[in-house]
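> Quick note, the sequences are listed as chains Z and P, same order.
Heads up, the first sequence is in the numbering used here, so the first residue is 1 and it goes up one at a time.
Heads up, the second sequence is in the numbering used here, so the first residue is 1 and it goes up one at a time.
FYI, nobody ran anything at the bench for these hints, they're computed from the structure.
With beta-carbon atoms standing in for the labels, derived distance ranges:
hint: 1; chain 1: P; residue 1: THR245; chain 2: Z; residue 2: ALA82; range: 43 to 51 Å
hint: 2; chain 1: P; residue 1: GLY448; chain 2: Z; residue 2: THR129; range: 51 to 59 Å
hint: 3; chain 1: P; residue 1: THR419; chain 2: Z; residue 2: ARG161; range: 44 to 52 Å
hint: 4; chain 1: Z; residue 1: GLY193; chain 2: P; residue 2: GLU219; range: 35 to 43 Å
hint: 5; chain 1: Z; residue 1: GLU473; chain 2: P; residue 2: GLU309; range: 30 to 38 Å
hint: 6; chain 1: P; residue 1: ALA361; chain 2: Z; residue 2: ALA410; range: 34 to 42 Å
hint: 7; chain 1: P; residue 1: ASP105; chain 2: Z; residue 2: ALA420; range: 30 to 38 Å
hint: 8; chain 1: P; residue 1: ILE146; chain 2: Z; residue 2: HIS92; range: 52 to 60 Å
hint: 9; chain 1: P; residue 1: GLY448; chain 2: Z; residue 2: ALA361; range: 19 to 27 Å
If you're wondering where the values come from, they're calculated on a predicted model, not measured in any experiment.
C-beta atoms are modelled at their ideal positions from N, C-alpha and C, and glycine is treated no differently.
Next come the chains, spelled out residue by residue.
There are 2 protein chains.
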Amino acid sequence: MTTPAAEYDVIVIGGGPAGENAADYAIANSTRTAAIIEQELVGGECSYWACMPSKALLRPGHVLAAAKNMPGVTAHGLDVEAVLRRRDGFVHDHDDSSQVEWARDNRIEVIRGRGRLAGERLVEVGGRTLRARHAVVLATGTRAAIPDVPGLRAARPWISRDATNLHEVPARVVIVGGGVVACEAATWLRSLGAEVTMLVRGPALLAASEPFARDRVAEGLTAAGVPILFGCEPAAVHRPEVADTGEGRVHGGPVTIEVRGAKPGTLEADEIVVAAGRAPATEELGLDSVGLPPGYVEVDDQLTVRGVEGDWLYAVGDVNHRVALTHMGKYQARVCGDVIAARAEDRPLDGPRFAASADHAKVPQVIFTDPEVASVGLTAAAARKAGYPVDTVELDIAVAGSALARDDYAGRAALVIDTASDILLGATFVGPDVGEQLHAATVAVVAGLSLETLWHAVPAYPTVSEFWLRLLEARRG
Amino acid sequence: MTTPAAEYDVIVIGGGPAGENAADYAIANSTRTAAIIEQELVGGECSYWACMPSKALLRPGHVLAAAKNMPGVTAHGLDVEAVLRRRDGFVHDHDDSSQVEWARDNRIEVIRGRGRLAGERLVEVGGRTLRARHAVVLATGTRAAIPDVPGLRAARPWISRDATNLHEVPARVVIVGGGVVACEAATWLRSLGAEVTMLVRGPALLAASEPFARDRVAEGLTAAGVPILFGCEPAAVHRPEVADTGEGRVHGGPVTIEVRGAKPGTLEADEIVVAAGRAPATEELGLDSVGLPPGYVEVDDQLTVRGVEGDWLYAVGDVNHRVALTHMGKYQARVCGDVIAARAEDRPLDGPRFAASADHAKVPQVIFTDPEVASVGLTAAAARKAGYPVDTVELDIAVAGSALARDDYAGRAALVIDTASDILLGATFVGPDVGEQLHAATVAVVAGLSLETLWHAVPAYPTVSEFWLRLLEARRG
Numbered sequence: 001m002t003t004p005a006a007e008y009d010v011i012v013i014g015g016g017p018a019g020e021n022a023a024d025y026a027i028a029n030s031t032r033t034a035a036i037i038e039q040e041l042v043g044g045e046c047s048y049w050a051c052m053p054s055k056a057l058l059r060p061g062h063v064l065a066a067a068k069n070m071p072g073v074t075a076h077g078l079d080v081e082a083v084l085r086r087r088d089g090f091v092h093d094h095d096d097s098s099q100v101e102w103a104r105d106n107r108i109e110v111i112r113g114r115g116r117l118a119g120e121r122l123v124e125v126g127g128r129t130l131r132a133r134h135a136v137v138l139a140t141g142t143r144a145a146i147p148d149v150p151g152l153r154a155a156r157p158w159i160s161r162d163a164t165n166l167h168e169v170p171a172r173v174v175i176v177g178g179g180v181v182a183c184e185a186a187t188w189l190r191s192l193g194a195e196v197t198m199l200v201r202g203p204a205l206l207a208a209s210e211p212f213a214r215d216r217v218a219e220g221l222t223a224a225g226v227p228i229l230f231g232c233e234p235a236a237v238h239r240p241e242v243a244d245t246g247e248g249r250v251h252g253g254p255v256t257i258e259v260r261g262a263k264p265g266t267l268e269a270d271e272i273v274v275a276a277g278r279a280p281a282t283e284e285l286g287l288d289s290v291g292l293p294p295g296y297v298e299v300d301d302q303l304t305v306r307g308v309e310g311d312w313l314y315a316v317g318d319v320n321h322r323v324a325l326t327h328m329g330k331y332q333a334r335v336c337g338d339v340i341a342a343r344a345e346d347r348p349l350d351g352p353r354f355a356a357s358a359d360h361a362k363v364p365q366v367i368f369t370d371p372e373v374a375s376v377g378l379t380a381a382a383a384r385k386a387g388y389p390v391d392t393v394e395l396d397i398a399v400a401g402s403a404l405a406r407d408d409y410a411g412r413a414a415l416v417i418d419t420a421s422d423i424l425l426g427a428t429f430v431g432p433d434v435g436e437q438l439h440a441a442t443v444a445v446v447a448g449l450s451l452e453t454l455w456h457a458v459p460a461y462p463t464v465s466e467f468w469l470r471l472l473e474a475r476r477g
Numbered sequence: 001m002t003t004p005a006a007e008y009d010v011i012v013i014g015g016g017p018a019g020e021n022a023a024d025y026a027i028a029n030s031t032r033t034a035a036i037i038e039q040e041l042v043g044g045e046c047s048y049w050a051c052m053p054s055k056a057l058l059r060p061g062h063v064l065a066a067a068k069n070m071p072g073v074t075a076h077g078l079d080v081e082a083v084l085r086r087r088d089g090f091v092h093d094h095d096d097s098s099q100v101e102w103a104r105d106n107r108i109e110v111i112r113g114r115g116r117l118a119g120e121r122l123v124e125v126g127g128r129t130l131r132a133r134h135a136v137v138l139a140t141g142t143r144a145a146i147p148d149v150p151g152l153r154a155a156r157p158w159i160s161r162d163a164t165n166l167h168e169v170p171a172r173v174v175i176v177g178g179g180v181v182a183c184e185a186a187t188w189l190r191s192l193g194a195e196v197t198m199l200v201r202g203p204a205l206l207a208a209s210e211p212f213a214r215d216r217v218a219e220g221l222t223a224a225g226v227p228i229l230f231g232c233e234p235a236a237v238h239r240p241e242v243a244d245t246g247e248g249r250v251h252g253g254p255v256t257i258e259v260r261g262a263k264p265g266t267l268e269a270d271e272i273v274v275a276a277g278r279a280p281a282t283e284e285l286g287l288d289s290v291g292l293p294p295g296y297v298e299v300d301d302q303l304t305v306r307g308v309e310g311d312w313l314y315a316v317g318d319v320n321h322r323v324a325l326t327h328m329g330k331y332q333a334r335v336c337g338d339v340i341a342a343r344a345e346d347r348p349l350d351g352p353r354f355a356a357s358a359d360h361a362k363v364p365q366v367i368f369t370d371p372e373v374a375s376v377g378l379t380a381a382a383a384r385k386a387g388y389p390v391d392t393v394e395l396d397i398a399v400a401g402s403a404l405a406r407d408d409y410a411g412r413a414a415l416v417i418d419t420a421s422d423i424l425l426g427a428t429f430v431g432p433d434v435g436e437q438l439h440a441a442t443v444a445v446v447a448g449l450s451l452e453t454l455w456h457a458v459p460a461y462p463t464v465s466e467f468w469l470r471l472l473e474a475r476r477g
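Construct all of the structure, not just a fragment, from the sequences and the given hints.
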């Protein structure tokens, strides 16, 4: 690493995917300079501790299930060691040199350290103060929130990072939470052999999803042997033996969890995983130095921070609390970079490229459980709440292509339609590999297409995607 | 089966998927009556001899390849007997009773026999003459064309039907042809253990596809051990021993094929498969009785036959020669049925629903080779020929999602763009399971979306579909 300059055109605090993209787009095809300040690994939570390792742990289980349900193919598994090694490959053994090289290739300087705002266009890092000529971008993301349960912190619970970076599979795991992280972690821990129990405070998993999707994921987990205790939460946690064993690893004895709620009692486990929400990573970011309150950083559709004069401060990714998904953070970052570039060059912000329009009500998301859940746009409930006159069509995915795909194919699909305009507002698909079915719905929702238009978009036979035809036919009645 | 009535509102000749859909849509939500005349099996070529059995034979090989390339999963195969049994299940052991039941449930009468036109609104079948009050729909499809090669017919070559319905895997197979049927048959025959050689008259496989797709399929077949003799065709075929063994099966000794062209010589095989194009199944259809010439039946966008007065004669599916794909035949049939219903009820043909608009330049197709090829709309060459100012963007599919999907993932994707309007004209994807990626492109092409709009359709991370983002970024430059 070279000694950082005192001035850059663009300074990004946080080197995850959103920060990387913002820096890249802000200086592309120009002579502007940029620095990314990162205190951990360039590539961020997603690359090393979240999306990549979790999907690397999940994918072999999916492939095995597909192979086991195909007559003529003999499949065994999982070889846990091989799965963990493949996971290690995807997180590059926590070496970010390829990402640093990417930054260098794109003329972005990487500065190691904790960055914090120190006033207008000023950023402190490692005892030095840097000045940004055009823009400072906040991209620090979030961190796991640990609920205030007696004994929980002292028990050194696993957070999502520990679950994705496990080196041995614990025999017994209790997961606290019922959201995406909790459901995915339950899926891979179970597929790798752990006995898993979920403590879910509410009455359902995946509160933001369509009810049928919640039910199918709960059924899938239950069928895999994961008890889900709905309406339950930890009242207290006890773990007498906890010892650091170096390199951030912890050796702990069994954990006892007192459960309160619908099914009170006591659970014992070898690890407790807390997946009970996220908190903004802004505590030491110096927000007060520019007059901002603590917490998430609010932005407009140009990703410009509200309440700060001069159009120099931006926030992209999870830290702005618009939507906590890597691909949407990157989307915001592309828009943000374009906005910074245009403003730096005194170009008007003309055209749709300069506004993040898709991260409110047109957000795609895939939950890599078994079955997978893929959704975009509004659920029926959200559409009604937003005031739309809503019609829905919902049916099992049962077409030639799904039958051919695997003998145990089970899926379900739903569309949410604005009856006034005939326009598709949202879609949810559940089933094996439906994550790859989602983009068709995303294109339709983002473009605001009517079902009359979609009638002429013919799915190829015999693919799984022919369920689109069934949905349109069912809607027609 | 009941004795057919003398009159129906709608008479459909040919009970394949297109015929079934035309009848269904023409009488839905009405008291109209319909009959389908079928000389073989209701469900047609696609259900028993083409799409379904071929994909049933191909799918296990795909699943095995995916499993073999996933560390942690141990997979063996293929068990040929199990694969053939699964195929038998998909063709219902050539029993069409479930399709006949579907027809009955939808108030469509099934008449067994060979139907032929006998004048205006008249159809002969089994020695009786039926009258159609509103419409006659021709949906007889095509049959395999056998080239005029000395000794070929006498050698009782396999056509696609035989290859999909094989009971034993021949040790050595020569395939004549380089189109979709030939490439798919080569793929499954090889995966089931046959030694396969392809004789391809032209310089490439899959003449209508993008050049990179042709190359990748040729590379895949070659890597699987299939020699492809380009610029070659059979000059003569010899097979001394041929005997019928009943139930349509043939026992034949070895076949000798004299090859002419780029690599002249002699090949010996246990079966020769002819996949050298199709011919319209209209020879005995009585086209002359209504003043039509022999051959394919030309229709307008309402699927109404050109050159026949009175808007009573329609043709859907392969027989009209617009596009020979099951899903597009069904699409035409839906439009046709809607047109028949509207005309029968004296409603105007208002709106896009009453015109087949997607079966010219917006046709999706999946070729289930290894790698798969999925395409929609115009190739770059076709777009230029049609007079568009064309730009293309083409790159390898190499995103987090593809790396996660399988260790050997190799794919490529291309977009064809009208530079004047920024609108997507076509797309081609090559790689494992890209058939399920296609519908997003189909939606975009059919809706005529611009790349500026697609910029806001964000693929979910980390799915394979994120290659869309790479394409859009590459296009932006």
